[in-house]
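**Student:** With these hints in hand, go ahead and build the complete structure from the sequences.
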Amino acid sequence: MIPHLWNDLEGTFFPESALDYMPESRLREVQLQRLKAVTALTYEKVKLFRERMDAKGLKPADVTTLADVSKLPFMVKTDLRDTYPYGLFAVPMSDVVRLHASSGTTGKPIVVGYTAQDMEVWKQVIMRTLYAAGYSRGDIVQNMYGYGLFTGGLGLHGGLEGIGATVIPISGGNSERQIMVMKDFGVTAICGTPSYFIHLIETAQKMGIDFRRDLKVKRGVFGAEPWTDEMRKYIESASGVKAFDIYGLSEIIGPGVGAECECQDGLHIFEDHFLAEIVDTKTLEPVPDGTEGELVITTLSKQAMPVIRYRTRDITAFETSRCGCGRTCRRIRRISRRSDDMFIIRGVNVFPSQIETALLKTESSLPHYLIVLTRKGGLDQMEVRVEITGEMLTDNVGAMEQLQKRFGKSIEQITGLHAAITLAQPGTIPRSEGKAKRLLDQRNLTN
Amino acid sequence: MKIRQISVFLENQPGRLAALCRTLADAGVNLSTLMLSETGEFGLLRIITPDADKARAVVEKAGYAVTASEVLAIQVPDKPGGLAAVLTALDPHQISVEYMYAFACRTGRAIMIIRFNDLDRAADILQKAGLKVINTANLFGP
Ligand SMILES: [Zn+2]
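Sequences listed follow chains A and B, in order. My numbering numbers the first residue of the first sequence as 1 and each following residue consecutively. My numbering numbers the first residue of the second sequence as 1 and each following residue consecutively.
Treat the hints as calculated values from the structure; they're not laboratory data. Heads up, a few of these hints could be off.
Stated by the list, open to error - Sample of chain B residues facing chain A (criterion: CB under 10 Å; computed from the structure):
#1 Q5
#2 L10
#3 Y64
#4 H93
What the hints assert, rightly or not - Cut-off 20 Å, straight-line C-alpha distance, at most; resulting in silico cross-link-like pairs (PhoX-like, lysine-lysine):
#5 A:K282 - A:K77
#6 A:K56 - A:K45
#7 B:K61 - A:K206
#8 A:K183 - A:K242
#9 A:K409 - A:K361
#10 A:K206 - B:K79
What the hints assert, rightly or not - From the derived model, a few chain B residues whose C-beta atoms are all more than 10 Å from chain A:
#11 K2
#12 D26
#13 G28
#14 V66
#15 L119
C-beta: ideal position from N, C-alpha, C; glycine also.
**Tutor:** Below, the structure is given as structure tokens:
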């Protein structure tokens, strides 16, 4: 199909990855054909979508070019909640072979379903994710994503088996055992959240285990939460593990929507299955390539729960250059923030990732932290609670006060805002499963 | 000569100190002396115990941030100006006291725990001045 590529990739070519290198004109043809099909399917089977199309006076036949996608109505997270549990499914339950659900922060979770073909697609996009990060048969992979209703664990698992790697389905938690398994089982690659892996690097240090000297872990794919280049630098320098960013969300398929290649310069979207748009967060109109906006995704091949123009709330931009790896599917910039994580304090937009960057400028490893917003006498206050670790602690109260001041100064330099820093005892900031909770907004807006 | 001390980070909130003491008591750690040094928002609880390693392990396992350090235990002459004698002996040597606190002693000896910026030199100078620097065995001995 694309013979000229086979020579370049000799020895490292994996058939599943061929789609990553599809000639662009062909890729757009595939996308259009699938967009038409998924619009028709969703219109026919999903009431919510049909009603919204009808309200706009639109029919599936109005989609004649890829650009026409921008005429279609959006879907948002609350749509999944409002139609809980199966309201967005487009196939009978007898065709659904798998359900996953997200841990909703409030009220009901959201439920997603997969047909047997969806499962096959999911496996393949994860295989492409893993190949892009240099995984292959022969790797012994410790999968630290949570197994269960969360899509992370089982999603990665399917692709890992697909490439023929040896999978250790360890899930998260029990840090010392994680390190022991890494060492004793000769683990060569890992999957997990970046913040948990940073915690493991510190656990290993405490156990007297040096990643480079005592372990064989060479690469890791990390996702399920926004992370920063500072975190990557820290992971790679502290552990020698090459860290790849992966992207996905349960509403679309789970992990496997996009992935970094060896160039580590943006994430390739698997465009034959996912149509990505970037829109202005206020006008919701498409922005030019290279401009930041909210990522919107349409599933092109999903059967059980097709999703049209899903607003991810993730802020990114399309990379405009060609990637050095030769893949033709477009890249988005790594997502370091989400539009719904952003908060406004005293008229200033602040993202938790900025606070993260500030903390990492002061401490080499990211402490556990929580941003608490309150309102006193009509004025918004920002408090950042930072958990002290044994490594940060010195037997000198004055030095600890200095540390507290340095955190405050660093945050002020980056955000321009004063933050009250509270040094907290370890374990006193609540952890939510898998993802770290970073923001507690206690401002009562009626006051 | 030097005595091991462990320091635990505590937030200044009701119940935090009590919880830590309970953790140590439940593990059977025998506390000789405690000293809380605080800023109003947080504090460091300094602990002298014959079981320093065990205390550290217990506290760490319970999830606290802990660090170990060394201090000197000095027997202060039991007469007026006893402590002044200790400090005066160090005066010409540019050694400063970071903090000090009293050691609770069953035998009735007056012992001060002192953290100097240079422990080895301080011990040397004090001994030459005829003051008693107490080692671990002697400190916890009968
Ligand atoms: Zn690439």
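**Student:** Broken hints, numbered, in rising order?
**Tutor:** 4, 10 and 14
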